[in-house]
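Participant: Chain by chain, the residues run as shown.
Protein chains: 2
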Amino acid sequence: MLSWIDGQSAEALSARDRGLAYGDGLFETIRVSAGRPRLLARHLARLGEGVRRLCLPVSLDLVEDELLRFSAALGDGVAKLMLTRGDGARGYAPQADARVRRVLLASPVPAYPDKNREEGVKLFPCASRLAEQPLLAGLKHLNRLEQVLARAEWSDPAFAEGLMRDVSGRVIEGVFSNLFLVRGGQLITAELTRCGVAGVMRAELLDRAPELGMPVIVRDIDFAELQQADEVFLCNSLYGIWPVRSAAGHAWPVGPLTRKLQGQLRELLDS
Amino acid sequence: MLSWIDGQSAEALSARDRGLAYGDGLFETIRVSAGRPRLLARHLARLGEGVRRLCLPVSLDLVEDELLRFSAALGDGVAKLMLTRGDGARGYAPQADARVRRVLLASPVPAYPDKNREEGVKLFPCASRLAEQPLLAGLKHLNRLEQVLARAEWSDPAFAEGLMRDVSGRVIEGVFSNLFLVRGGQLITAELTRCGVAGVMRAELLDRAPELGMPVIVRDIDFAELQQADEVFLCNSLYGIWPVRSAAGHAWPVGPLTRKLQGQLRELLDS
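The listed protein sequences derive, respectively, from chains A and V.
Following the working numbering, the numbering of the first sequence begins with 3 at its first residue and continues without gaps.
Following the working numbering, the numbering of the second sequence begins with 3 at its first residue and continues without gaps.
Derived from the structure by calculation, the hints contain no laboratory data.
Source: prediction; values computed, not measured.
Hints may contain errors.
To be verified - In the DMTMM-like style, the derived pairs of lysine to aspartate or glutamate whose C-alpha atoms are separated by at most 20 Å in a straight line are:
id, chain 1, residue 1, chain 2, residue 2
1, V, K82, A, D89
2, V, K82, V, D63
3, A, K82, A, D63
4, V, K262, V, E213
5, A, K82, V, D89
6, V, K124, V, E227
As the list claims (entries may be wrong) - Here chain A is said to cover these stretches of chain V; the calculated rule only asks that three of the stretch's residues, wherever they fall, bring their Cβ under 8 Å from a Cβ of chain A:
id, stretch
7, 70–84
8, 139–149
Unchecked claim - Partner residues are not named here, just some residues of chain V that face chain A (Cβ under 8 Å, in silico):
id, residue
9, I7
10, G9
11, A14
12, Y24
13, G25
14, E134
15, Q135
Just so it is clear, CB atoms sit at the ideal spot from N, CA and C, and this is done for glycine as well.
Chain A extracted, bound-state conformation:
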């Protein structure tokens, strides 16, 4: 599969990269179809926020240009973009003259069963909790051991995703998805100021749902509220929206608002 480093075809990088040493970097996982990256502006917006918060000295115009060229070469698939602080000497101090490394890796579109989207999914109740770290919350950075440990908790394919809570017990997200509740015609999704990844499909929904007559509230979600929801769904930028049918001993129908959003957002990924 296609693999570029700093704009050139390459499959290997320096073992002294700080992305490896410390997870000192960011990534985006981007659906590419017909040679174009989908939800491009939102991916770049999140990346820009990460670049700002981690103080990575890189031109986002250069990153965008490389991503567009890579996507054209890929055609159809998934582009994983990583930015790292490049090679470093030993020690945590960021180098004053850091040269950010850009890595682009292609992979096939994941073969999720159609029934995830059509009939909904069952969530595994992950025991691994998300730590509260406001400095990193919301970012898609390269420190992802919590997700690795959570995803390692189950291998039964009956569970398409896992439910992640924070160390205080609040409902936050899936392992690789964001989560929404529907209650009384309103959407509710977790505040991601202490932990969690602010997904680009979540951002898309926050913008578009109100225009479709569904107000959205972003706030903390107690575990009990999950059970009281009328509908529950997951979203991410690769699969769009999956209804949640069961989690933590509770079951929900696939509801009308979930279906409406699926219909509206489908063209973002498929067209």
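Please build the complex by placing chain V on the supplied structure of chain A, with the hints as guidance.
Facilitator: For chain V alone, kept in the frame of chain A given last:
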């Protein structure tokens, strides 16, 4: 400088390594002198604990053997050992057939000023706090953005290290050191069950200080207790022990217990 991957001389690794993608791995930073890794048993013990908790399928005998050969080739310096879960496909799920990658990188012994050890150091009060994540606490894993952010807070060389607290305000450690207080002839160091790195020099002190007539208590440390300490010092496996002379608006003398431990432990690194 010397660089080995999987036992062979090599400077680059696959861009699809999970150490890069997720920080899915561990590391040790080891003082090598006269061709031998210092505090070897303690480094291997911590690595073994990490391998167990992250479920990394690797033979520690193989790792030890490579480290010994690498150290012999290096002679004098620092060996950084990284273990990663090897190459992965997209997605957090650990591969059932993971092949752990072993990376060994040499670097020179850091040129810390002698006065750090002799006269003591000043700590920068880091605003970055450590998140509480019991699943990862104590391990020297590859998710180190908290340390990168903390170390980026200061560039004034008057501060040799930084003081890190957890999100609840407890005193935990330095950015690349563990911290001890002395009070009434007793050593106190932070419990590392929620966050922090359980350093090998800390482990050495926990074992040896009682034999030298200094009992050690491991427990939570309030910020106020730091100011009430008779002596404060830092330790790690590269520099040994540094007295702390000032931190957070408070000053301490270089005390007798700190000096005694410095004398006793010096041969561990220098001999």
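Participant: Taking the hints in turn, state whether each one holds.
Facilitator: Hints, one by one, checked against the model:
1. V:K82 <-> A:D89: holds (15 Å)
2. V:K82 <-> V:D63: holds (17 Å)
3. A:K82 <-> A:D63: Status holds; Cα separation ~17 Å.
4. V:K262 <-> V:E213: At roughly 12 Å apart (the allowed maximum being 20 Å), E213 (chain V) and K262 (chain V) satisfy the hint.
5. A:K82 <-> V:D89: Holds: K82 (chain A) and D89 (chain V) sit about 15 Å apart, inside 20 Å.
6. V:K124 <-> V:E227: Holds. K124 (chain V) to E227 (chain V) sits at ~18 Å (cutoff 20 Å).
7. 70–84: As far as the stretch 70–84 of chain V goes, the hint holds, because 3 residues have Cβ atoms under 8 Å from chain A.
8. 139–149: holds (count 7)
9. I7: Holds: closest Cβ of chain A sits about 6 Å from I7 (chain V), inside 8 Å.
10. G9: violated (14 Å)
11. A14: holds (4 Å)
12. Y24: holds (4 Å)
13. G25: holds (3 Å)
14. E134: Because about 6 Å separates E134 (chain V) from the closest Cβ in chain A, which is inside the 8 Å limit, the hint holds.
15. Q135: Holds, because the Cβ-Cβ distance from Q135 (chain V) to chain A comes to roughly 4 Å (cut-off 8 Å).
Checked against the numbered hints given earlier, this structure breaks only hint 10.
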